[in-house]
Amino acid sequence: MSTVAVIDYGMGNLHSVAKALEHVADGQQVIVTHDPARIRAADRVVLPGVGAIRDCMAEMARQGVIDVIHEVVREKPFLGVCVGMQALMDFSAENGGTPCLGVLPGRVEYFGDNLMAADSDRLKVPHMGWNQVHQERAHPLWQGIAQDARFYFVHSYYVQPADAALTAASTDYGVRFTAAVTRENVFAVQFHPEKSQHAGLALYANFLRWDGQGA
Amino acid sequence: MGLAKRIIPCLDVDNGRVVKGVKFLDIRDAGDPVEIARRYDQQGADEITFLDITASSDNRETMVHVVEQVAGEVFIPLTVGGGIRTSADIRRMLNAGADKVGINTAAVFNPEFVKEAADRFGSQCIVVAIDAKCVSAAGETPRWEIFTHGGRKATGIDAVEWARRMVDYGAGEILLTSMDRDGTKSGFDLALVRAVSEAVRVPVIASGGVGNLDHLVDGIVQGHADAVLAASIFHFCEYTIEQAKQRMAAAGIEVRL
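So the protein lines, in turn, are chains A and B. Counting from 260, one number per residue, gives the positions in the first sequence under our numbering. Counting from 462, one number per residue, gives the positions in the second sequence under our numbering.
Please note: incorrect hints may appear among the correct ones.
[Stated by the list, open to error] Taking CB as the label site, the calculated pair distances span:
#, chain 1, residue 1, chain 2, residue 2, range
1, B, E529, A, M260, 17 to 27 Å
2, B, T547, A, G356, 26 to 36 Å
3, A, D302, B, E622, 46 to 56 Å
4, B, A711, A, A397, 27 to 37 Å
5, B, A660, A, V434, 20 to 30 Å
Derived from the structure by calculation, the hints contain no laboratory data. C-beta atoms are modelled at their ideal positions from N, C-alpha and C, and glycine is treated no differently.
Please construct the entire structure, taking both the sequences and the accompanying hints into account.
What follows is the structure in structure tokens.
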């Protein structure tokens with residue numbers, strides 16, 4: 260049986276992620292674990308995450324999952340979600356500056372305290388709620404999902420890839436930011452598919468079918 | 462195009478049953494929370510809030526089971542408020558599948574709890590619920606105070622100041638209820654909503670007083686709220702969430718349709 264490992268490092272709503280994956284699983288087994296052997300043995304891997312990046316990085320180190328993450332991002336279909344996306348970058352400006360995993364080149368920046376909309380209304384931070392995700396390129400994970408479909412976001416920091424070619428989707432919130440990145444077998448999203456109703460479940464179903472090849 | 466304004470139906474749950482509407486509709490029981498949550502999800506609710514009004518803490522486990530069941534089949538954000546007093550309460554609700562918890566009375570009695578909770582679980586899941594009542598006389602500059610115990614006990618704390626302080630302590634969102642309007646169906650206290658929404662940098666959910674769909678529009682357009690919460694107009698099928706969104710869209714508000 261094909262398995263998908265949701266990496267459990269003690270942070271956030273991995274139960275929601277696991278429940279949503281189970282809901283769309285078509286024979287795949289969803290396991291929630293921090294055991295490197297089980298993560299290594301899985302066919303697909305999901306790195307969730309909520310909360311502050313410093314705590315996430317510290318917990319990943321404490322649970323001993325950093326080495327296995329570096330290993331599986333080279334070989335398996337891998338999905339990062341929210342802080343799990345941010346953690347893949349080189350560095351985050353959060354918590355006074357936090358080094359991250361460096362799987363993908365780029366930084367994580369703050370929206371700022373004076374974020375303005377086009378009509379010069381002040382925008383609230385965190386960016387919380389349903390916003391449109393503009394697919395910047397075709398990809399198997401977008402299959403069946405409408406262009407500019409709304410997904411649920413909750414975040415105050417966003418990813419700035421060093422290479423624009425990594426951007427798989429973008430979203431407008433005062434700035435146009437990268438809502439999804441991808442390279443080879445790695446895909447990562449800033450929004451929460453597990454909280455994004457039909458569109459989110461479709462993305463998880465696509466991930467469970469994905470062979471790790473690009474568009 | 463950009464971020465949509467949210468419509469959040471609220472379910473007041475007593476011993477595992479939805480009861481809101483009792484005061485003015487003479488209906489004891491609006492139904493099973495899991496069924497109602499399912500219906501709202503199908504109608505396009507952006508989030509769902511459960512408010513546990515169970516008097517006895519012995520029956521709190523019932524709420525955990527409700528959240529577990531809903532979280533297994535409804536994939537939108539879920540907030541649970543009512544009786545959240547300790548980190549263990551928060552942990553239990555998050556593990557059951559809640560995405561956010563509403564802290565109300567516990568924040569008033571121990572503001573540090575909000576700080577601890579935000580540090581431990583992240584601001585994104587800490588909603589501070591504020592029950593406010595207007596305390597200024599007619600003609601004076603409006604002023605609102607925090608009330609506890611369902612609006613019966615005054616605290617002397619200014620509502621706008623309190624909202625600012627809670628955000629400084631790590632609240633990721635403010636759920637603002639006008640105790641003057643709650644249950645009246647006469648619309649939000651728009652001056653209150655606007656005062657708080659402009660005072661804080663985090664999203665504000667307007668609550669209390671919704672009696673028709675125009676009230677929802679007013680909360681966004683005049684109150685500058687980021688989200689609007691209502692209970693009874695949806696429970697008894699006076700309006701569907703879809704109708705509410707269409708009304709808002711017609712008024713030029715961006716919604717998720």
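Results of checking the hints against the structure:
no.	hint	result
1	B:E529 - A:M260: 17 to 27 Å	25 Å, holds
2	B:T547 - A:G356: 26 to 36 Å	33 Å, holds
3	A:D302 - B:E622: 46 to 56 Å	54 Å, holds
4	B:A711 - A:A397: 27 to 37 Å	35 Å, holds
5	B:A660 - A:V434: 20 to 30 Å	24 Å, holds
Against the hints set out earlier in the document, no violation occurs for any number.
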